[in-house]
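Student: Read off the chains here:
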Amino acid sequence: MKVKLNNLSMKFQDVVAVKELNLSIDKGKLVSILGPSGCGKSTTLYMIAGIYKPTDGELFFNEKLMNGLEPEHREIGMVFQNYALYPHMTVLQNIMFPLKMQKVPKRGALLRAKEMADLVQIGHLLDRKPSQLSGGQQQRTAIARALVRKPKLLLFDEPLSNLDARLRIEMREEIRRIQKELAITTIFVTHDQEEAMSISDEVLLMNEGIVQQYSPPQEMYDQPKNLFVASFLGSPPINQLKGKIFGKRIHLMETEQSIPIETEIANEDCTIAIRPEAFYIAEGDDFSLTAKVEFIEQVGRDIMAIVTIGQATLRAFLAREDQIQQDETIKLGIRKTGFHVFSSANEQNLPIRPAWDGHKN
Amino acid sequence: MIRDALSKATIYITLSLGGVLMLLPFIWMLLTSFKAGNEVMIMPPVWFPEKFHFENYKEAWEMAPFGRYLFNSITVTVLSTIGELITTILAAYAFSKMNFWGRDVLFAILLGTMMVPGEVLLIPNFVLLSDLGWIDQYEALIIPWTASVFAIFLLRQFFLSVPKDLSYAAKIDGCSDFRFLWTIMVPLAKPALFTIALLKAIGSWNAFLWPLIVTSSKEMRTLPVGLTAFSTEAGTVYELLMAASTMIILPMIILYIILQKYIIQGIAKAGIKG
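Here the protein sequences come in this chain order: W and L.
Note that our numbering has the first sequence beginning at 54, numbered continuously upward.
Note that our numbering has the second sequence beginning at 154, numbered continuously upward.
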């Protein structure tokens with residue numbers, strides 16, 4: 054099913070939770086809605102589900118207007134953060150409940166429920182009560198219940214946040230598997246960027262009720278539209294430096310250093326953002342920034358150097374072979390892909406081309 | 154080991170003493186119900202009758218139409234308990250899970266009525282019922298007691314603790330509000346409902362003042378009111394009164410023993426939050 058949101062807005066009293074959201078999701082895609090808490094991502098999901106009535110805008114499923122339709126008639130399935138299983142019913146009764154509400158004949162319902170239980174691999178637990186299941190098993194039951202009515206759209210509201218780290222990875226792969234197997238359009242709300250990046254076809258990043266960027270995950274990481282997107286994605290977060298564009302260079306605030314660029318913009322305050330993994334130890338004629346190593350952390354495969362350039366503290370992933378020492382002054386080259394410049398005025402990505410040479414570009 | 158046993162012994166002895174103290178009036182009632190008339194007020198008092206007069210029970214039963222009283226009491230208790238459960242479930246759901254204009258103000262007013270002492274309402278309620286022509290009818294005994302603010306409050310708190318997602322899930326599954334209430338919320342609230350039902354049944358069974366005021370004919374009396382039959386101008390026939398009292402509290406004790414199991418089960422279940 055194709056989903057289309059047209060200027061969808063939601064206001065609670067005076068608070069605008071979601072503002073004029075436009076979005077279009079193709080059939081069979083998995084889209085994550087990502088953002089910090091309170092950004093309006095769950096509200097958006099609840100509007101799509103029909104639990105909240107949008108205060109403005111339109112919602113279409115396959116070109117059909119959905120605004121006035123009750124949730125049960127929207128052909129959706131939903132999975133909640135706390136599973137929302139009916140505690141007094143067995144796993145089987147839980148899965149069959151939506152069919153019972155639809156008055157599906159018992160025998161057919163039973164077959165269908167068992168089929169779904171097998172799909173999510175809980176076929177051996179049908180007689181258990183939810184309280185006798187582990188978190189992962191409960192979430193599998195909830196997924197089976199959401200799928201049993203053959204929905205055209207599957208909605209997940211932070212389904213993995215109550216699970217422990219290992220189970221989370223297992224379950225997200227499981228969700229991806231089931232989603233691909235059934236080729237069902239899916240919307241997945243999460244605050245965990247890693248989760249969103251790993252399973253989505255497209256990511257919608259929101260902040261304070263406003264869409265920041267809607268694109269495939271890798272593109273969002275490599276080409277952030279604004280400073281919020283750049284700083285929200287990536288762990289550790291992207292490094293930020295204050296600067297000023299002047300001539301063909303960006304001058305770093307409170308230092309003598311500058312970065313060569315090509316641009317039409319002149320005389321503008323800006324924020325330079327550099328991914329920690331974009332740094333490398335410069336060689337030969339490479340363009341480089343001079344930094345002082347304050348501290349070194351071992352992080353397994355790489356080392357993480359905490360360095361200062363002027364007043365700013367930055368993090369850089371470096372190779373172990375680089376053998377840098379604490380308090381040493383090093384020359385850091387920059388890979389062009391991890392380098393972005395944003396306007397200080399509106400935080401938008403500025404059209405700037407790096408104009409330096411480096412052997413790792 | 155020894156210290157453990159000692160502290161355990163202290164606890165049990167203290168609790169036993171408390172228990173015995175609480176039971177004493179009941180024991181006195183039970184023993185008096187077997188005494189002969191002249192043993193009741195004897196000085197110094199005796200605990201045990203010289204001879205157990207079981208015929209007191211038969212005599213007490215025959216002194217007033219207790220069959221009729223029993224029927225009335227059961228009818229009133231059962232109907233008002235069922236009535237209260239229904240109104241409580243509906244009201245608690247509305248006040249906890251539905252959004253409507255003025256909900257919280259309405260609930261605050263409802264809670265405010267709990268501050269009004271029941272005695273103050275005796276006369277206005279009596280006048281109201283008399284205008285409705287319900288005096289000396291079952292309506293007067295049952296209908297004013299089919300709603301309780303306290304019960305609504307209790308159940309509302311319980312309903313509030315049920316996560317919202319459950320009702321959202323049910324909505325998506327195609328379950329109406331009404332159906333959700335009866336198929337999901339009510340089974341979940343079993344322990345709270347048993348508590349409410351038990352409190353109501355005991356209160357209704359033991360009610361004295363109200364039935365006394367709104368009934369005038371013998372046919373409409375309930376058991377506690379019926380006990381007045383043993384108080385005459387010549388004095389109170391204590392041994393028969395006690396025999397009748399013992400018979401009257403028996404059903405409540407049995408009910409309590411049965412429901413207690415469910416209540417403890419419910420509380421134990423609620424303790425392990427899944």
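Check each hint, because a few of them may be wrong.
Said to hold, decoys possible - Listed next, with one range per pair, are the computed distances between beta-carbon atoms:
id	chain 1	residue 1	chain 2	residue 2	range
1	W	Q364	L	L313	45 to 53 Å
2	W	K117	L	L264	44 to 52 Å
3	L	S314	W	A236	48 to 56 Å
4	W	K153	L	I402	39 to 47 Å
5	W	F113	L	M251	46 to 54 Å
6	L	L281	W	K117	33 to 41 Å
7	W	L235	L	T266	38 to 46 Å
8	W	A398	L	M251	55 to 63 Å
What the hints assert, rightly or not - Below 25 Å or equal to it, Euclidean Cα-Cα: the simulated BS3-like pairs (lysine-lysine) are:
id	chain 1	residue 1	chain 2	residue 2
9	W	K205	W	K156
10	L	K211	W	K64
11	W	K182	L	K204
12	W	K106	L	K414
13	W	K57	L	K204
14	W	K205	W	K182
Read the hints as simulated data drawn from the structure, not as lab findings.
A virtual CB, placed ideally from N, CA and C, is assigned to each residue, including glycine.
Student: Note whether the CB distance of W:Q364 and L:L313 lies within 45 to 53 Å or breaks it.
Tutor: 51 Å Cβ-Cβ, so the 45 to 53 Å window holds.
Student: With the threshold set at 25 Å, check whether the alpha-carbon distance from W:K205 to W:K182 stays at or below it.
Tutor: violated (28 Å)
Student: That 38 to 46 Å hint for W:L235 and L:T266 (C-beta), does it hold up?
Tutor: violated (55 Å)
Student: Please verify whether W:K205 and W:K156 have alpha carbons no more than 25 Å apart.
Tutor: holds (19 Å)
Student: Does 33 to 41 Å hold as the CB distance between L:L281 and W:K117, or does it fail?
Tutor: violated (55 Å)
Student: Is the hinted range of 55 to 63 Å satisfied by the C-beta distance from W:A398 to L:M251?
Tutor: Check failed, 48 Å falls outside 55 to 63 Å.
Student: Would the hint linking W:K182 and L:K204 be met if the CA-CA limit is 25 Å?
Tutor: violated (58 Å)
Student: Range hint 46 to 54 Å: satisfied by the CB atoms of W:F113 and L:M251?
Tutor: violated (29 Å)
Student: Between the alpha carbons of L:K211 and W:K64, is the straight-line distance 25 Å or under?
Tutor: violated (73 Å)
Student: W:K57 and L:K204: Cα distance at most 25 Å?
Tutor: Answer violated: W:K57 to L:K204 is near 90 Å, above 25 Å.
Student: For the pair supplied as a hint, W:K106 and L:K414, confirm whether the alpha-carbon distance does not exceed 25 Å.
Tutor: violated (45 Å)
Student: Is 39 to 47 Å respected by the C-beta to C-beta distance linking W:K153 and L:I402?
Tutor: holds (44 Å)
In terms of the numbered hints stated before, the structure departs from hints 3, 5, 6, 7, 8, 10, 11, 12, 13, 14, listed from lowest to highest.
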